[in-house]
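Q: Residue numbers (this note's numbering), protein chains in the order written: chain G, 6 to 922; chain P, 1239 to 1350.
To be clear, the hints were calculated from the coordinates, so they are not data collected in a lab. Predicted model, so just to flag it, every value in this text is computed and none were measured. Glycine included, each C-beta is placed from N, C-alpha and C at the ideal position. Heads up, a few of these hints could be off.
What the hints assert, rightly or not - Computed, partial: chain P to chain G, Cβ under 10 Å:
| hint | residue |
| --- | --- |
| 1 | ASP1261 |
| 2 | GLY1264 |
| 3 | ALA1265 |
| 4 | ALA1266 |
| 5 | ILE1268 |
| 6 | ALA1269 |
| 7 | ALA1282 |
| 8 | TYR1285 |
| 9 | GLY1304 |
| 10 | THR1305 |
| 11 | THR1324 |
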Amino acid sequence: MSGKMASPPRFAAWLVARVVPGPARAIVLGDLEERFAVRAERDGVAAAKRWYWRQAGGFVLRVPLTRTGHGSRARARTSALLPAPAFVAARPGTRRSSRAGIAGGLLADVRLAVRTLRRRPGLAVTATAVLALAVGANTTVFTVVDAILLQRLPYPDAERLVMLWDASGAAARTGERMPITYAHYRTWTEQEALFSAVGAWESSTPALAEGEWPERIDGAVVTASLLPMLGARPALGRLLLPADEAPGAPPVVLLSHDLWSSRFGADASIVGRTIRLNGIATQVVGVLGEDFWFYDPYSAVRSLTGRNAQAARLWQPLPAGGLFEGDENYPRYRVIARVRAGVSIESAAQAAAAVRRRLPPTSSDDGAELRLVPLTEQVVAEARPRLLGLFAAVSLVLLIACVNLVSLLLVHLEARRAEFAVRVALGAGRARLMRQLIVESALLALCGGLLGLVVSVGATALLLELVPRGLPLAQRAALDGRVAAFGIGLSVLAGVAIGLSAALRVDPTRLAGALSAAPRTVAGTRRTRRLHGTLVSAEVALSVVLLIAATLLLRGLVALHAADTGFDPEGVLTFEAVLSTPPGAAPSYEYFAALEGRLAALPGVAAVGATTALPFSRWVRTAGIAVDGVGVDEPRARADFRSVSPGYFRAIGLPVLAGRGFEAADRGGTPPVAVVNEAFVARWLSGGAGAIGRTVAITLGETTVHTVVGVVANVKHHDLLEAARPILYVPVRQSPVVVQRFAVRVSSADPLSLVDPIRRVAAELDPTQPLQNFISFEALIAQSIEDETFYAQIVGAFAATAVLLTLVGIYGVVSYATRQRDREVAIRVALGAGAGSVRRLVLGQGLVPVAIGLAFGVAGGLASSRLLAGLLHGIPAHDATSYGVATLVFGTVAAAACFVPARRAARLDPMRVMRGD
Amino acid sequence: VTRTALGELEHLILLAILRIGRDAYGAAIIAEIEERTARDVSHAAVYIALQRLDAKGLVASRAARGTTERGGRAKAVFAVTAAGRTRLRESASALFGMWDGLDPALRGAAGR
C-alpha cells in the first residue's frame, strides 16, 4: 500500500450515512471503506471511486424500500449490534432523505394537514381567529414600538445629535431642564472642538392672513445652521441662509410641505411670492421636503389642538442677537448640536459642562449646570417605559392565545387517538407524528398570522387615532416589511411552539392500546385532566395579571374623572387670542376689552372672561411676591399669577367666597387690586384679621403693590389630582399682556357651535388679529388625562381579549373533560347521586385550576404593577379594591363558563350513556 | 410452517461465513464472495440479505472493534447458527440431488 491513502468520495459517503440509520452506519461505512482501499490498490482510485458511488446508489435505492414484518423486529432487537434491525426503522419518506426527500415529505405533510383541518373546520376557524387576534394585536403594538423605539430618528447621523439644556439651581436637583440664552448659544457655536454644528430655535405662531380670517400657524424661528444639521432638503427654492439672520435683512419664510399643499394649493410658483405674517410682507424662499420631521420638545405642550400639533409648519430666520432687543440673556432657545466625529458623547458632555461653569452667571441662573442629552433619548425617554409596558401586556395576550390553542389541540388530539393509533400500527414513529402535528399548527398559525396582519392594518389606524400627542413619531408607524416579517415570524414561531407542546404529548407506546381500549377508565384520563388543569391555571393567571392592570388603570381614570376641578367647565368654549404687534407699535390691549364686550353681546353667550393662563391649558405664569410690605425690595417668594378680565370668574364658574371679583372700573388709573384663592390665603395671609384689605407687592420686571379685595375658590391647574396651589389674580388692565385665553360660557348644548360666530365677530373688530385653538373646556381637561385614557383603553382592550380567550379555553377544556367522565357520572347517577352533587363535581373539577390560576395571577399582578406606577394617580399600585374586583369578576365569569357543562352533566340520562349511545 | 427457500445471495453469504470462520464481518464476506465468484456484489444487497438471514434466525451477529484500514469503525461479525447449517445442508442436498446425472460438460462449466 502506498503511504498516501486515497479516501472514499465524501459526498457519496455522506449519502450512505444519511440513509443508513443508527449503529449500522459505522459498520456499513467501515466495510465500504475497507473494500474501497482494496479496490483503489487494485483498480486505481478513479475506478474505486466510481465503484463507491455505485454502492452508495445501491444504498439510497434499496435501503428504504426494504421492510420486514413486524414480528421479526422484536426478535431482532435482542441481538447485540446489527445492521439489520436498524434498517427496519428506515421508512419511505422519513429516512430516504436527500434534500428532495425532505421537501417531498414536508409537502405530503402539508397536504395531509390541509385535509385534516378541512375535516375539522371548527378547530381551524377557532385557532385561526384566536391567532389572528393575538398576532394582530402584537403586530400593531410592534408597529408603534418600531416607529418610536427601534427605528433611528429621521436625521443623518442621528446618534451624534445632542440637545443642550441648562439645569439651574433647584431645577438641577429636580431634573428640570431650562432652555439656553442667545449669548450661551453663541458660546456653544464657538466650541468647534466639541461640536461640528450648533443650531437654535424658538417656537412662534405668526398670524397668516389668507382666506376668510387670519390664522395662527405653528412655526419656529431658527438659526440658519439648524435645518441643514437635521438633514432638511428643500423641495422647492432654498433653505434659510446666514445672510437671512443679518439685521435689516428682508423678511423671509420657509414653508412645510403640508402647509404649502393645504394653504397654498401646492402652487409650484410659490417661491418668490410675498405672504403676510403678523402683518409683515414676507417672501417665501422655499418649501421643505414632505418627509422632514421637526422635533420640538415644547410644541406638544404649547399647542392644544390638532393631532399633528407637534409639527412646525413654517420656519423664519432667528435674527442675530436674538428674537428681541436686549434679550440675549433670557433662557428662551432650544439648542441642538452635532458632536464632532471622534469625540464621544460622554467626553463632549464633560467638556461642555466645564465650559458652562466658566461662563459668567446670568440673571436667571444660580449655579447652572449644562446637560447634554442625546437627541434620541430626548425624544423617546418618556415614551419608552410605557411602550415597553404595552408590549409586555400584548405579549401576555399572545401567550394566553398560545396556551389556549395548546389546550384546544390537546382536546382534539384525544379525539384523534384512534387515527394516530392506526398510523403507529402502520409503522409511523413518534417523530413522524410530531412532525405532522407541528406542520398542522404551523399551518394554522400562518393563516392566523396573515389574517393578523390584516387585523393589524385596521388596528394600527385605530391606535393612531387614540395615540396621545405626547408620543412622538407614532405617526410614522406603518405596516412595512419589518413589521410584516415580525408578524409572520411571530405566528410561525407561535405555531411551532404550540404544535411542539401538543406533539410532546404523543406517545406511540401509549397510543398502541387506543384501538382496543375504546371505553377508557377514569384512571386513564387522570394524567390528561391534570395537564388540562395546568393549562387552564396558566391561562387564568396570565389574563388575571392583565385584568388587574386594566382595573388599576381604569380605577385611576375614574378617580381622575371624579376629581373636582373647583370650577364648572361644562358648556364652556375656550380659545386663544394673541396680539400680533408690528415692531415698534405699542400693543393695543383695548382690543381684548372690546372683543370681550362684543362676544358678551352674541346670542347664546352667557358669560365671557379671559386670563393669561387657563386651567389645563398647560400654561403657567409666576411672579415674585411680598406680603404686607415685608421684603418688597427683594421678593423671595413666588406664586402663580394671572391677569384676568372682569368676567373671568363668572365665565368659568369660579365662586367668589369673600369680598368681590373684578369690575370694569379696575383699570390703569385706579388703585391696584388683587383677588387671591383660598390656598393663597392659607399659605401667605393666614395670620391677622382676614385677607381682605391686606397688600401684596408683585414683582414682574417692576414692582406694584396690590390690595386684596376678594377671595375665590381653588382650582386645579395642571392635573386633576394636584394639591391646591396658591394663585394671585389681578385685573388684566392693571397688568397688560399680549396673550389672552378666553372662556365663553355658552347657553346652547354644543359650545363648538359658536366658533364661527365668534370668528366673524372678531374679524369685524380687527381682521388682522387671529383667534386660535378653539376647544371646549371639557375637551381641554380630557387632554390633560389623555395618556391615562390611552393606556387604560389599550390595556383594557387587551384584558378584555385575554378574558374572552381564557373563557373560551376554560369552557372547551371543562366540557371536554366532562364528556370524558360521562360514564363515571352515569354510574354515580345510577347509584343515586343527585343532580346537585354532579354539578358540584364538575364545577369543582373546573374551578380548582381557575382558583390556582387566580392565586398566581394576583401574585403576578403584585409583581408587575410597578410598571404602571407612572400612570396611576391617587391609586396605589397595590390597591386592594382593584385586585378584589379583578379576581371577583374573573371568578364569576369562570364559574359561568364551567356551569354550562356542569348543567349538561347533571341532566345526563345514565341508561343512554351506559348503552354507549 | 412452510420455510421459504434460501435465495442465491443468502446461500452465497452463508457459505462465505462458513469459509471465513472466526472473523466473518461484512467486508470479509463480500471479499470472499467477490473472489470466489469473480463478480461484483452490491454492499447494500448483502446487508439486506444479512438482515433477512438474521430475521430468520440463520445467522447471529456480535459487535467487534474496528481496525485502522476501516477508519477505526466498528464491525459486525457474523456466525452461522445451527438452524443456518441445517438449512444449508438441506439446500445442498437438494442441489446435489438435482445435479446428479447431468452432462459432465455442464458440470465442468459450473465447477470451473
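Q: Now, for every hint given, state plainly whether the structure supports it.
A: Hint check:
no., hint, verdict
1, ASP1261, "12 Å, violated"
2, GLY1264, "4 Å, holds"
3, ALA1265, "4 Å, holds"
4, ALA1266, "9 Å, holds"
5, ILE1268, "6 Å, holds"
6, ALA1269, "7 Å, holds"
7, ALA1282, "4 Å, holds"
8, TYR1285, "5 Å, holds"
9, GLY1304, "6 Å, holds"
10, THR1305, "8 Å, holds"
11, THR1324, "18 Å, violated"
In this structure, the hints that do not hold are numbers 1 and 11, in rising order.
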